[in-house]
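Those protein sequence lines, which keep their order, are chains R and E.
For reference, each letter of the first sequence is one residue, going 1 to 487 in full-length UniProt numbering.
For reference, each letter of the second sequence is one residue, going 1 to 159 in full-length UniProt numbering.
These are calculated hints, taken from the structure and not from any lab test.
Check before you lean on any hint, since a few could be wrong.
[Stated by the list, open to error] Here are a few chain R residues that face chain E, going by a calculated C-beta distance under 8 Å: (1) Leu438; (2) Glu439; (3) Asn443; (4) Ser460; (5) Ser482; (6) Tyr484; (7) Ser485.
[Unchecked claim] Listed next, the stretches of chain E that the computed footprint assigns to chain R, with coverage defined by at least 3 CB atoms under 8 Å from CB atoms of chain R: (8) 82-93; (9) 119-133.
Yeah, the Cβ is synthetic: ideal placement off N, Cα and C, and Gly gets one too.
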Amino acid sequence: MSEKKRLHPITIVTNTFSTLKDAIFPIILTVIVGGGKSDGSFFWDLFFVLILPLIVMVLLIVFGVISWMRFNYRLEEQEIRIEHGVFIRKKRYIPCERIQSISTTEGMLQRLFGLVKLTIETAGGSGEAEAVLAAISKHEANEIQLYIKHAKEQISETEEANEDVAERTNVLEQKNIVFRMSFKEIFILAISSGGALGVIAAVFAFCSHFDELVPYERLYDRLETIVANGVIIAIFMGLLVILFAYCIAIIRTMIKYAYFSVEKTAENLVVSHGLLEKQNINVPLNRIQGIIIEESIIRKLFGLATVSVINAGSFSNEGESGKIIIFPLIKTNKIAAVMEACLSEYQIEESFAKVPARAKSRYILRPMIPLVIPVGVGIYFLHQWGLLLLLSFPLAAYFGYLGYLYAGWNINQQQLVLRSRFINAKTVYMFKNRIQSLEISSNFLQDRKRLGSVSATVMSGLGGAGGETVDIDREELFFIYSWYSRN
Amino acid sequence: MIGEPNNRISKGALTVWRIHGIIGSVITLIISFTLGTLCFLFDWPVWIVYGLAVLFILEVYYFVLFRPKLRWLRWRYEVREQEIEIQHGLFVVRKTLIPMIRVQHVDNTQGPILKKFGLATVTISTAATQHEIPALEEVEAEELRHVISRLARVADEDV
Chain R
1 MSEKKRLHPI TIVTNTFSTL KDAIFPIILT VIVGGGKSDG SFFWDLFFVL
51 ILPLIVMVLL IVFGVISWMR FNYRLEEQEI RIEHGVFIRK KRYIPCERIQ
101 SISTTEGMLQ RLFGLVKLTI ETAGGSGEAE AVLAAISKHE ANEIQLYIKH
151 AKEQISETEE ANEDVAERTN VLEQKNIVFR MSFKEIFILA ISSGGALGVI
201 AAVFAFCSHF DELVPYERLY DRLETIVANG VIIAIFMGLL VILFAYCIAI
251 IRTMIKYAYF SVEKTAENLV VSHGLLEKQN INVPLNRIQG IIIEESIIRK
301 LFGLATVSVI NAGSFSNEGE SGKIIIFPLI KTNKIAAVME ACLSEYQIEE
351 SFAKVPARAK SRYILRPMIP LVIPVGVGIY FLHQWGLLLL LSFPLAAYFG
401 YLGYLYAGWN INQQQLVLRS RFINAKTVYM FKNRIQSLEI SSNFLQDRKR
451 LGSVSATVMS GLGGAGGETV DIDREELFFI YSWYSRN
Chain E
1 MIGEPNNRIS KGALTVWRIH GIIGSVITLI ISFTLGTLCF LFDWPVWIVY
51 GLAVLFILEV YYFVLFRPKL RWLRWRYEVR EQEIEIQHGL FVVRKTLIPM
101 IRVQHVDNTQ GPILKKFGLA TVTISTAATQ HEIPALEEVE AEELRHVISR
151 LARVADEDV
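Looking at chain R on its own, in the form it has when it is part of the complex (with noise of 0.2 Å):
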C-alpha cells in the first residue's frame, strides 16, 4: 500500500468554500466600496459587480484544484508520508508508533458520499492535529487504520509479524459495545449542561452587535409611550429569551451526543456520537493516562456523573484537550460495573480517606475570603441594596461545607485517587506509573493544624492534568508522599 493516493475530489468544494467564507467580506467590501467609487459607466459597475467577484472565484477554485491535486498521502515503511503545498512543498513523515489516536468524523457532506474525515494525532503539542485526511472513503480509512494498528504491532514485537489478515479480521470483530445513551439520558444531559449558559452568553453577544443597526434609541422612545410603566413585559421578553436560547443549547448538545456509544476493541476504546457530523474517536488504551469524574452541582442531585478519560494526545471531545468524555452522562452507582467491562483495571472507589475535622473551619473560610473586597465595594455604591451581597457569604460558606464533606483521596495498590470539589465535584484516578509528578505542600497557617495539600500530573495534550486534595491530614500526606516515592 505505498502508491501515492489523494483524496475524494469533493475535497476541492470543502476547501474553495472554506477560503471563500473568509474571503467573503473583502470580495462584499470590494463590491461596495469600488461600485461606489465608479464614475457610473456601465463598464466599471460591470466589473466590480460582477468581473472581479468571479475572477476571485475562479481563481479559488483553480487554487482548490491545484491544492487538491499536490495533496498526497501514501503509507510506507511504517509511516504515513503526507506531502502537500502549492507553492511552497511541504512534506510530512509520521512514523506509526508515534500516533497517539485517530479519529474520524463525518460532516454532511461527507455523509452524502459515503466519506469520513481522518484525523491523526501525535504527542507533540501544537494543539492541532498532526494530520488531517479531510475526505478519504470509509473503506480507505480503515485500511490506514488497520496499517497503523499492523505497523505498531511490527515495531513493538517483532517475532509476531506473521500474524495476517485471519488476526485482522479476528480484531475487527471482537467489538463490543459497553456503554449507549437512551434518547431520555441524552435529553437529560442536555438540560443539565452548562452548554445553555454559553449560548445565553452569545446571544447577549449578538444583540449588542445590533446596537449599530438598529435604532435603538427612536424604538425606545416609541416602546416608552406604548409599555408606560410595564416593566413586566420587558422582563418577560428577557425570559423568553433565556428560555429560546437554552432550547438552543438543548437541541445542539442533543444533536452533538446522538447516538452516542462506547466500543471496546482489542487495543482501543471507540468513541462515537453525533446526528449530523458522525464522529469516531479512537482512544488507544494504552495510551490512558487517567480517567476524571465530575459532578456538577444540579448533575450531583440525581446521582449523575461525566466520566472523561485523560488521554496523552491533544485531542478532546469537549473543552480541555486531552480529555476525551466516554460516559457524558451515568449514574454514579454504575460506573463501577461500566469500568469493569471497559477499563478494568482502574478500581472504583466507594470510600474514601476524608479531610481531618480541624480541617472543616479552613474549607468555609476559603470561599469567602475572595468575597470580602467585592461585597465591601458592593455595599459602599449601593447602600442598602448592597447589604443582599451579604448573603453570598452563607452560600459561599455552604459550598465550602459541601468542599470539606467531599473532599478526600485513597490508595489502592498502584492507584492512586484524589477528590475535591467547590460547586462541581471532582474525582480523579490515576496510576502510579502514569502520575509525572506529585507535589505535596502547606503553607503556615496549614502547618498550625497539621495539615497540607497534595496535588498529581498526569500527561494529558497540552500541559499536564491531575487532581488534587487540600487539607490533609499531616501523616496521610507523608503517607501518599512516600507511596509514590522510589526511594
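Following the hints, position chain E against chain R.
Same frame as chain R, now just chain E:
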C-alpha cells in the same frame, strides 16, 4: 515524618536575587521621583510623596532583604538514583517528586546576571510538567544535567 532534601542551591543565588530586587527598587525609585517632582510642580497632596516613600522602603525590605533570604533557606533539592526531589516556596512550602523514568529532558539556562556570577539554572521537563532548580554553580549545574540524563536513560519503563 519525612526528611528534607539534602542539597542547598548556591549561596550566589542570594546575591542574584538581591540584584533582581535592587533593579526593581531602582525602577520604583525613578517612578517615585518623577511623581514626587510632579507633586511639587502641580501642588498635588503631600501624602502621595509619603505613600511612595513607604512603598519604596517596603519594597526594598521585602525584595532585597526578606524574600531572597527566606527563599534561599527553603530551597533544597536532591537527585537520587530513581527520583528527583525538590523543595521550595516562601509562604507555601512545596515538595515535589519527579521519578527519573518520567524525565524527558534537562536544560541548563543562564541569563546575563547568572552568567556574571558563574551560575546556571537547571530545568527538568517531564511529559506534563516543568521543574526548575535556580542558581546552581555552573560546574554543578553541568554535572547535574549529565547525572540526570544518564539516570533517566537507565531507568526505562513504558510511559
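So, going through the hints one by one against the coordinates:
A least Cβ separation of about 5 Å between R/Leu438 and chain E falls short of the 8 Å threshold, and the interface hint therefore holds. Given hint, R/Glu439 at the interface with chain E, holds; its Cβ is 4 Å from that chain's nearest Cβ, closer than 8 Å. About 4 Å separates the beta-carbon of R/Asn443 from the nearest beta-carbon of chain E, less than 8 Å, and the hint is met. A distance limit of 8 Å between C-beta atoms decides the matter here; for R/Ser460 the minimum to chain E is near 7 Å, and the interface restraint holds.
For R/Ser482, the interface hint holds, since its Cβ comes within 8 Å of a Cβ in chain E; the closest pair sits about 6 Å apart. Hint status for R/Tyr484: holds, given a least beta-carbon distance of 6 Å to chain E, under 8 Å. Checking R/Ser485 against chain E: minimum C-beta separation of about 6 Å stays under 8 Å; hint holds. Coverage of the segment 82-93 of chain E by chain R holds. Counting CB-CB distances below 8 Å, 7 residues qualify, and the rule asks for three or more.
Only residues whose beta carbon comes within less than 8 Å of a beta carbon in chain R count, and the segment 119-133 of chain E has 5; three or more means the coverage holds.
Going down the numbered hints, you'll see the structure goes against none, and every one checks out.
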